[in-house]
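Below are the chains, spelled out letter by letter.
2 protein chains.
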Amino acid sequence: MSREDFTVTPWHVEGNIDYNKLIEQFGTERISEQILDRLEKITGDIHFMLKRGIFFSHRDLNKILDTHEQNNEFFVYTGRGPSGNTHIGHLIPWVLTKWIQDKFHTNVYFQLSDDEKFFANKDITLDMVSRFTYENIIDFIALGFKPHNTKIIINTKNIGNLYPTTCQIAKKINLSNIKAVFGFTNDTNIGMIFYTALQSAPCFIENKPVLIPLGIDQDPHFRITRDVAPKIGKIKPAIIHGMMMPSLMGVNNKMSTSKKNSVIYTTDSPSTVKNKINKYAFSGGQSDIKLHRKKGGDPKIDISYQYLRMFFEPNDSKLKRIHDDYTSGRLLTGELKSIAIEKINNFLEIHQQRRKEAVKYMKEYILQ
Amino acid sequence: MSREDFTVTPWHVEGNIDYNKLIEQFGTERISEQILDRLEKITGDIHFMLKRGIFFSHRDLNKILDTHEQNNEFFVYTGRGPSGNTHIGHLIPWVLTKWIQDKFHTNVYFQLSDDEKFFANKDITLDMVSRFTYENIIDFIALGFKPHNTKIIINTKNIGNLYPTTCQIAKKINLSNIKAVFGFTNDTNIGMIFYTALQSAPCFIENKPVLIPLGIDQDPHFRITRDVAPKIGKIKPAIIHGMMMPSLMGVNNKMSTSKKNSVIYTTDSPSTVKNKINKYAFSGGQSDIKLHRKKGGDPKIDISYQYLRMFFEPNDSKLKRIHDDYTSGRLLTGELKSIAIEKINNFLEIHQQRRKEAVKYMKEYILQ
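Which chain is which? The protein sequence lines are A and B, in order. Numbering follows the working numbering, in which position 6 of the first sequence is assigned residue number 68; successive positions increment by one, without gaps. Numbering follows the working numbering, in which position 171 of the second sequence is assigned residue number 233; successive positions increment by one, without gaps.
Quick caveat, the hints were computed from the structure, so don't treat them as lab data. Check each hint, because a few of them may be wrong.
Because identical chains cannot be distinguished in the list, a pair is counted as satisfied if it fits within a single copy or across any two copies.
To be verified - As a list, the in silico PhoX-like pairs of lysine-lysine whose alpha-carbon atoms are at most 20 Å apart:
1) Lys184 to Lys293
2) Lys184 to Lys234
3) Lys296 to Lys184
4) Lys219 to Lys425
5) Lys336 to Lys321
6) Lys113 to Lys165
7) Lys322 to Lys341
8) Lys103 to Lys160
9) Lys103 to Lys113
Construct all of the structure, not just a fragment, from the sequences and the given hints.
Written as structure tokens, this is what we have:
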């Protein structure tokens, strides 16, 4: 794999992702200034993840705004493959989901694809997946979702709700379609082959248009859903695509639960966060202070800066000052790391408190 | 297809089936005199469908008898793909299931694969399948099953009970396995590809050995189940294989719901039965009475005789007299048909009365 190569599929993200190329490869639309203006007129403001291009691409977002402007409702659907504990990268689409819910007063469905993660990893048991499912749900609820307009779907538990629609979808997808989109082979198990129909099903859980905020790696599933929708008399799901939060190791890799020191978990203690950022967060700074003062750092490849930009510093002018100070050399790597550590720990302190509350009310959220 | 050729798969049965060859092809065991003796010692008698070789083949039936003799329990599982109304051929494995239940005091599970029939036929809707499901269930219950030891599984309704086990199974079956056993191609929809895992799941619904009476066309599904079972720490299902009841048109075809005049439905009126047998039932008799008196008829290819043998004349000595009289020419085709009509209508009169009762109690049987 050359430096410029990258892979983005639902089960494998690797390399230095060129998001512009992904828009072309996947055939999606860029989130334009025009559509952001349209959004702002409706919502009064624009979430910083949209403004900063963390969510950069979409399918049919205009149609969702049409729906809203015609005084019709839509709903929001997102999810998580519970392959491990929650890290801060997982929260990105959930935070945007919450913002959309608040601005548009929509119902939200959150799918836990425990079956998929069981199929995808030969060494994992359903019990192991179940533990992660529970942990991930707690983090989702902790972001402020309320049970009256938010329902959680655990595939193995809520299959009864999903299965008839899943069957309608599965009947319209053949083996060629699946092979073309996911590159499956003769060694692929039949659970993996069928699974995409189950990830499609919540798109039609209400008889309204749906908007799906997700990491762009999940787009292939919904490309299939969008092909199938008209064949079963349904509306194509609309999608907003987010970037992958990079691992501590550098911008060339998405955070992955499988590499413990490459990610910050939502349950990490302040000292763990401090240690991980100081020890592992890739720096865009120069090799010594003198050179740094002279040439400045590169925020584009600096993980501490990227975490602030993508998640932990919502204030644009504060972020700009950090950016400019770092670029000019006024701000040293150690200082930038300190800012990141403080911001992350502030967030996690509140989040971890909310997690304790979330545990108590979890059952109210599960779809019946 | 030459005269000797035949096809037996879960979705296609055609030709003059050579059941001896099937035993070889499928790698099953013949139901021997020895195993029948063993059964008789336990049960006190042998059901005529076993004695006459209507059930002719098995896998691990000896192990089931071992289980019983060691004072351990097993359970029984059979099913129906609800692609149409019930015809008398469908009842064969259900009648044997009832006999086994009565003799061994086992629980029985009856699976309706409504999902499979929906996947398999592009022109059928889930609503259409649902109507057949309901009709088939009524016929099953009418055979005398009781709700305290008999549970009905409708796949789309009871998927919640089956899905976690289905996932365990699906993870151990890859695309090569499925292609090898069922001959699926790139045009096959992913519902069909996944489905076999769902037909396997009831094999493990109780933590006991299972015995499955079925038409031998369904064996391929359970060949897969038997491969998977040890991989998920479960006991291989045991199977008793039955013959296919031939269509009215002749012994070269299994009864098929898709050809209305080739089958006798459980809801046919006495006059319909009379008309179908007289008009369509293939005769093994000679072309005129004189020749028939001289050369006699051939019961092997005579549908009226075959229906008596397979289902409607349980009394061996009565059947033998019919056989001998027909072979010798004493019994004419018209007379043989009259016997069959009377026997079938006697059965259906009681069965249809029981169907009316069954409707009332159906809900008690559905797995919760």
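Task: Structure versus earlier hints - violations, ascending order - done: The structure conflicts with no hint, since it agrees with every one listed earlier.
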